[in-house]
Amino acid sequence: MTARVVNSLRVDNSKKKPPMSYSDKTKKVYTDQLDAISAAGLFKQERFIHSSQAADIEVEFPAGSVTKKVINICANNYLGLSSHPDVIKAAHEGLDTRGYGMSSVRFICGTQDIHRELERRMTEFLGTEDTILFPSCMDANAGVFEALLTQDDVIISDRLVHASLVDGIRLCSAMHDTFKHSNMEHLEEKLQLHADKRLKVVVNDGVYSMDGDMAKVDQLVALCEKYDAMLLVDESHASGFIGKTGRGTPEHCGVHGKVDIITTTFGKALGGASGGCVSGRKEIVQLCRQKARPYLFSNTIAPVVVSGVLKVLDILSESTERRDKLERNTILWRKVLSEAGFIIKEGITPIVPVMLFNAKLAQDVSRDLYEEGIYAVGFFFPVVPNGQARIRTQISAGHETNHLLKSLDRFIKVGKKYDILGKTKEEIIERYGQ
Amino acid sequence: MPEINELKEVILKYVINEYAEEDYNLTYDSPLISSGLIDSFSMVSLKRFLEVKYKISIPDDKATPEAFDNVTTIANLVLNYL
Chain A
936 MTARVVNSLR VDNSKKKPPM SYSDKTKKVY TDQLDAISAA GLFKQERFIH
986 SSQAADIEVE FPAGSVTKKV INICANNYLG LSSHPDVIKA AHEGLDTRGY
1036 GMSSVRFICG TQDIHRELER RMTEFLGTED TILFPSCMDA NAGVFEALLT
1086 QDDVIISDRL VHASLVDGIR LCSAMHDTFK HSNMEHLEEK LQLHADKRLK
1136 VVVNDGVYSM DGDMAKVDQL VALCEKYDAM LLVDESHASG FIGKTGRGTP
1186 EHCGVHGKVD IITTTFGKAL GGASGGCVSG RKEIVQLCRQ KARPYLFSNT
1236 IAPVVVSGVL KVLDILSEST ERRDKLERNT ILWRKVLSEA GFIIKEGITP
1286 IVPVMLFNAK LAQDVSRDLY EEGIYAVGFF FPVVPNGQAR IRTQISAGHE
1336 TNHLLKSLDR FIKVGKKYDI LGKTKEEIIE RYGQ
Chain B
29 MPEINELKEV ILKYVINEYA EEDYNLTYDS PLISSGLIDS FSMVSLKRFL
79 EVKYKISIPD DKATPEAFDN VTTIANLVLN YL
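As they're listed, the protein sequences go chains A and B. Residues 936 to 1369 in the numbering used here are what the first sequence spells out, letter by letter. Residues 29 to 110 in the numbering used here are what the second sequence spells out, letter by letter.
Simulated from the structure, these hints should not be mistaken for laboratory data. Note that this is a predicted model, so its numbers are computed, not measured. Backbone N, C-alpha and C fix where the C-beta goes; we use that ideal spot for every residue, glycine too. Misleading hints may appear alongside valid ones.
[What the hints assert, rightly or not] Straight-line C-alpha distance at most 25 Å; calculated BS3-like pairs for lysine-lysine:
#	chain 1	residue 1	chain 2	residue 2
1	B	81	A	1151
2	B	81	A	1004
3	A	1348	A	1358
[Said to hold, decoys possible] To give an idea of the interface, some chain A residues facing chain B are shown, with a C-beta separation under 7 Å as derived from the structure:
#	residue
4	1116
5	1124
6	1128
[Stated by the list, open to error] Reference excerpt, derived from the structure (chain A facing chain B, CB under 10 Å, subset only):
#	residue
7	1085
8	1117
9	1119
10	1125
11	1131
12	1178
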């Protein structure tokens, strides 16, 4: 190539403005959306925690401010194991002996002995036939339906199942129908309507994360047996602490070992780091291992996390002390909140929503609680139905009685400020709107 | 073969029972999809209900959001396949 030709191919940046792939027009599409989110008061702000996850944490909020010590009552750290010294020690050992990363998906060279061991231990823990790990429960739910079902099949889901299940169902070609939340008569109608489908899968959360209510898993098992359907239950807010030995909602409902497909997470009670799994019938798990795309096309859980979860399972197998303490804490928290005059969603789980009904009121109460040293977040539409705004509190075995009583004291102080103690739903709505 | 008014009544009853709150004031001409009361998933299950009940098959390309946007248009669509 001659020098003259080479020179003609060069771009003279001093004279021409380079083309912009991210133009002002493109940018405006996104800034408009961000502005709309802000205008609706829905812009999510992260709060930076400067300590380990625990009942007492140190938080920087808003960004750049001096850190503040607060009691955390909004974590999924149900068993208080996120920073347990034995779990941390096991994680260190896993890091030392199995390294930091795998640099491979499972089926090439990304499976260690401890991955196989964790799958075996989860199978034993959940009373199933086999288990496959996923990078998260979101990935488990994203992959399981497409791997198992075709357009000849139908998925019938509770209308309040978690967003990750909804997304997984959308990725699958099977027909999708829904039934009213926890309404067994309506589910039975749907099972009859779809009787001619090749395969039917009924989908539920074990514990619903926003209301803290529990699925009627025994009735679901009975209906699925009657209509030759499979049952899938997402146990993310149940594994480790629901049921007498923490095996989850099937144990609580007396149907341990009878749920065909369980999905769950290691990112909540089971150490709180990350990762999830599909556990259930042998053939179903085998097919996920062949076809589930989040399993096939991403690295699995890091060795350090696997080692931590194995220790969590050791702790839970040795004693029910932590789930028993969580149960006691939950009973106390529900009792004292009710007695103080707050409206809570009834139930037995450690998810305890304090109902405020109005979105701004929920935001104001959350802000004032934070000022008082209590970290509890307000939820409102579209995360929960319109007019159902609340503060969602979540109790942990890591809480001591003094954490709960101090939190109660601050709740009462803020509740008095807004004059909501002892008030009915109608009275709160009349004053603050819905 | 059912009359159009009978069809409309069956569809209205199904939609109210499935998707509307108890106090929701729904008529034959209330927008269902464009109002957000029924989403695309729900439209599939409504189509399935009609096909099973009347033993018909509605082609997917005819089951458009426009055709399912109110009880009257749905009833007219079903009539074509009875």
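Hint check results:
1. B:81 / A:1151: violated, 29 Å
2. B:81 / A:1004: violated, 62 Å
3. A:1348 / A:1358: Distance of about 15 Å is within 25 Å: holds.
4. 1116: violated, 13 Å
5. 1124: violated, 9 Å
6. 1128: The hint holds - residue 1128 (chain A) has a Cβ within 7 Å of chain B, the shortest such distance being about 6 Å.
7. 1085: For residue 1085 (chain A), the interface hint is violated, since the closest Cβ of chain B sits about 15 Å away, which is over 10 Å.
8. 1117: violated, 16 Å
9. 1119: violated, 16 Å
10. 1125: holds, 8 Å
11. 1131: holds, 8 Å
12. 1178: violated, 32 Å
Of the hints listed earlier, those the structure fails to meet are numbers 1, 2, 4, 5, 7, 8, 9 and 12, in rising order.
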